[in-house]
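Protein chains: 2
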Amino acid sequence: MKFQKMLKLKKIFDISKKYEIPEESLRPYGDYIAKVDYRLLYESMKDFGKLIFVTGITPTPYGEGKTTTVIGLVDALNRLGYKSLASIRQPSLGPIFGIKGGAAGGGYAQVVPMDDINLLFTGDFPAIEYANNLLASLIDNHIFHGNELGIDSRKIKFRRAIDMNDRSLRSIVVGLGGSANGFPREAGFDITAASEVMAIFGLSLNINDLKKKLGEILVGFSYDKKPIYARDLKAEGAMAAILRRAINPNLVQTLENNLAFVHGGPFANIAHGTSSILSIKLALKFSDYAVVEGGFATDLGGEKFLDIIARLGDLKVCAVVIVATTRALKYHGGLKVNYVEDSNKNLVRGLQNLEKHIENMQAFGLKVVVALNKFSEDTKEEIKIVRDFVESMGVGFALSDVWAQGGKGGEELAKKIVEIEEERTPRFIYKLEQSPKEKIERIAKIIYGASLVEYSQEAEADLKDVSLVGMDNSFVCMAKTPLSLSADPKLIGRPEDFKIMVREVRISHGANFIVPVLGKIMTMPGLPKIPQAVKFDIFENGEMQGIY
Amino acid sequence: MKFQKMLKLKKIFDISKKYEIPEESLRPYGDYIAKVDYRLLYESMKDFGKLIFVTGITPTPYGEGKTTTVIGLVDALNRLGYKSLASIRQPSLGPIFGIKGGAAGGGYAQVVPMDDINLLFTGDFPAIEYANNLLASLIDNHIFHGNELGIDSRKIKFRRAIDMNDRSLRSIVVGLGGSANGFPREAGFDITAASEVMAIFGLSLNINDLKKKLGEILVGFSYDKKPIYARDLKAEGAMAAILRRAINPNLVQTLENNLAFVHGGPFANIAHGTSSILSIKLALKFSDYAVVEGGFATDLGGEKFLDIIARLGDLKVCAVVIVATTRALKYHGGLKVNYVEDSNKNLVRGLQNLEKHIENMQAFGLKVVVALNKFSEDTKEEIKIVRDFVESMGVGFALSDVWAQGGKGGEELAKKIVEIEEERTPRFIYKLEQSPKEKIERIAKIIYGASLVEYSQEAEADLKDVSLVGMDNSFVCMAKTPLSLSADPKLIGRPEDFKIMVREVRISHGANFIVPVLGKIMTMPGLPKIPQAVKFDIFENGEMQGIY
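If you read the protein sequences in the order shown, they are chains U and W.
As numbered in our numbering, residues 1024 to 1571 make up the first sequence, in order.
As numbered in our numbering, residues 1024 to 1571 make up the second sequence, in order.
It is possible that part of the hints are untrue.
Label-pair distances were calculated between CB atoms; the ranges are [said to hold, decoys possible]:
{"#": "1", "chain 1": "W", "residue 1": "L1455", "chain 2": "U", "residue 2": "F1206", "range": "16 to 26 angstroms"}
{"#": "2", "chain 1": "U", "residue 1": "N1229", "chain 2": "W", "residue 2": "K1403", "range": "49 to 59 angstroms"}
{"#": "3", "chain 1": "W", "residue 1": "Y1065", "chain 2": "U", "residue 2": "Y1571", "range": "23 to 33 angstroms"}
{"#": "4", "chain 1": "W", "residue 1": "N1231", "chain 2": "U", "residue 2": "G1336", "range": "46 to 56 angstroms"}
{"#": "5", "chain 1": "W", "residue 1": "G1200", "chain 2": "U", "residue 2": "M1524", "range": "18 to 28 angstroms"}
{"#": "6", "chain 1": "U", "residue 1": "P1084", "chain 2": "W", "residue 2": "K1031", "range": "53 to 63 angstroms"}
{"#": "7", "chain 1": "W", "residue 1": "E1456", "chain 2": "U", "residue 2": "F1562", "range": "31 to 41 angstroms"}
{"#": "8", "chain 1": "U", "residue 1": "G1542", "chain 2": "W", "residue 2": "Y1065", "range": "48 to 58 angstroms"}
These are computed hints drawn from the structure, not numbers from a lab.
Heads up, the beta-carbon is just placed ideally off N, CA and C, and yes, glycines get one too.
Throw the hints in and build the complete structure from the sequences for me.
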């Protein structure tokens, strides 16, 4: 909070002028937030800016400062005279009231107004939830009123959604209490960020595309094993109507008064993990450099952004930034007790994790720059160890000190980026025409480093459903732990000779991807014993505490 | 929709100038919606305007045009040279996607932009839901992590909320699926408009008051029968933080470019049924006449507004407008097949319903004007029958043709209002110091016309809890059907010699009222066989259909 107070916010309409975003396409939400009419994207095609994609090494549970790096890099590029714009995801209330307490960058590299961005913002998440939950209600209502479509209530795949950490809602029975309340059946809630409607929201190119994708959501199966889609319930018109404001990307500013899009929020472990494709494209349209963040490391947000979003959106990439910290490197070298303890041995051993992530991004044929997100405890020797290793791989390295210095601390990184002139279409890891198993195997072996992929009986059955609904040629959106390159969170560093077990394969028919689930994945988190929520407060003068 | 297109919206900042609302206290949501900082209310005390309260006779399920009358009256008063401002509730998504398709007035007496007002608006309802559901999650999380407070999961009173008609969520079991998901228990969702957080939201005078009331919510009881409040879970700070934007009333405009507050949305059958007290007070502050609507008829929104809101907010009332239609009067006279059929016999017989509603408002010592909301089918003879009857009671009568004519059609009503100069503090039906049973009996006998009040065993047990939590001196917020003056929807007209059965008494400890439940009351509606939702659509040019 103190960082925000030290700097003066500018009215969003004033900043947007610098980027030549026409004012009549902006809808204000107070003085410092605006939604941009997405149709602007299709109005006139001019030269688009270059795309910088920011990913990271395998993180500790504390996160390694990717968002902070994105924002600092945008500020640095603007300092160097380039128009630059960030595109990041909107934080979920789940982690805000759970452990994290907020997510909008850190130190002098933040987007503001932070309280609004973290709490409800422009109402996009509630809109996504209402769209989701309207469909859920229409399903049970259809069954209640005679079930003309013959929906088998045991085979309903679609779940309700709420942007809240609430483990009690994971597995529930609905429709109890007598015949007036419908038919009892097993059901559950996912956190909104893990829902298919969120994924669709992030992938849609316009209202018609959104409506079409929503209509294609696989609701479940009928008693005679026919797939039932949202469009069979005529749900997609109302769902899209609910989302009609939300689809327009949100603009805010950095502490150095540069623009950032904050739009969409799919998790990267279970969903695709980047901001909306519309916000990315608008960022490219109005900047020289659009800096886009993917969730977690190269094996999750990285792979998914390049294989799914870049392919779907026909995006070229100028450079990939991999964010590392000495804390995480030491952790991957085996240091467990005290992350910040001086331990060069562990640091050196941990570099193999970074090495794999560099190789992963190079596998897509892309130029990589490693950004070491500086902690005040980092020693010169530690920094040199990382720099020497990265440069020995022939890869660019930059120390990033944006937390403490803002854009100034990102200039080394920005300069490394600007040196890269060429933009490349990623060399995708799999072809859409490959079979689901081939696609899964390529990701597991090339990106994770697995030696073998196995399938549970349930997954084999799911793959038959995938064929049944005609999705053999769809995208693959893997779901696994972010805490390891493998599917086992205990395997730190660069695991080798491990096998992957695909437990199930979920179908996101509207989003057009299948979700192979590796290991235990929570689509509805729980709160810790002392949730961050109990530390929140608000006062008569408008001051708030709890978000940091 | 066509009415909106025929008239030109003005920017909300331009209209607010006319009312001398300082621009720096407005937060825009697009060009035509703004939130007003509630603290403006406490900044300087000037002469407040006069309060006109609009209620109605017992409605048919179609509604008799109260909101339409409110808006037309505001436009009419402005035409006559008085600054007038409406204060109405925000519509719930439940009825919008269920049967009604929207609620923002009708014909030439509407508030706009209607699509926004009806769909998500400025995000107040989601905020109320998140505040509600955060508390729910904290309750189950507390039990999961050791249950230090000893909460008896069988005695949790607090329910989750969602702004959706979804009967399947009325009665559910949560926490299934193994020990990682908590402890199974019976639970359920209410529609947001029926939640205690909505009631508290509507009753709070500032942030501190809001926080205090939220902390006072009765969550349930411990194993040793001690009450557990939200503050015991330290929930109120985060809940109030979520509501920090929502608490500021929303301003929109009528089709004749006059201002209207649309804020808060408690149902009147189960909750108190008027817009927020802050929006009512702000409307009074910035107008000569603030026109406020209560839900349903005098026996529900009417009684509750006068006994609860006017008492709590220390409000004087200039006049009460009772809206009637020949359709509803004929219905109460026994006409069932065709409401608009010419049937003077039924009309005359139905006048007894109107008579009782007039008497009800006179029981509070207030001046009454009856507004007959004109339908195009109404004959001169019918209108004369109603007028003669009303005037024979010594009460003012006005034909209101605002649906077809806008403010011009409300001038007769406005003139009748302006003639009333005196403002009166209502003569409350009960004293807070009376016992709960005395209070309930006074409302049932004086307002409903009941001869006897009985209590179920459950209600008797509930009343012991009321004493246990120290609420013998609290307000009473009755819950009953809106379709009859009695608790039996089949008893039309002016029922007499009937008894009332109090089935249960719910405790809204944070809102400081008890809710005696008479007959079957749904706190979570269901969707009809063909819900309005399936008629919604949205197009690339922003045009929407489904709301009318």
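So, going through the hints one by one against the coordinates:
About 45 angstroms separates the C-beta atoms of W:L1455 and U:F1206, a value inconsistent with the hinted range of 16 to 26 angstroms. For U:N1229 paired with W:K1403, a C-beta distance near 54 angstroms keeps the hint of 49 to 59 angstroms intact. At about 30 angstroms, the CB distance of W:Y1065 to U:Y1571 agrees with the hint of 23 to 33 angstroms. Remark: the range hint 46 to 56 angstroms for W:N1231 to U:G1336 is upheld by a beta-carbon distance near 48 angstroms.
Judged by the Cβ atoms, the range 18 to 28 angstroms given for W:G1200 and U:M1524 holds: they are separated by roughly 21 angstroms. Checked against the given bound of 53 to 63 angstroms, the beta carbons of U:P1084 and W:K1031, roughly 55 angstroms apart, stay inside it. Checked against the hint of 31 to 41 angstroms, the C-beta distance between W:E1456 and U:F1562 comes to roughly 34 angstroms, which is consistent with it. Separated by about 56 angstroms at the C-beta atoms, U:G1542 and W:Y1065 satisfy the suggested range of 48 to 58 angstroms.
Checked against the numbered hints above, the structure violates only hint 1.
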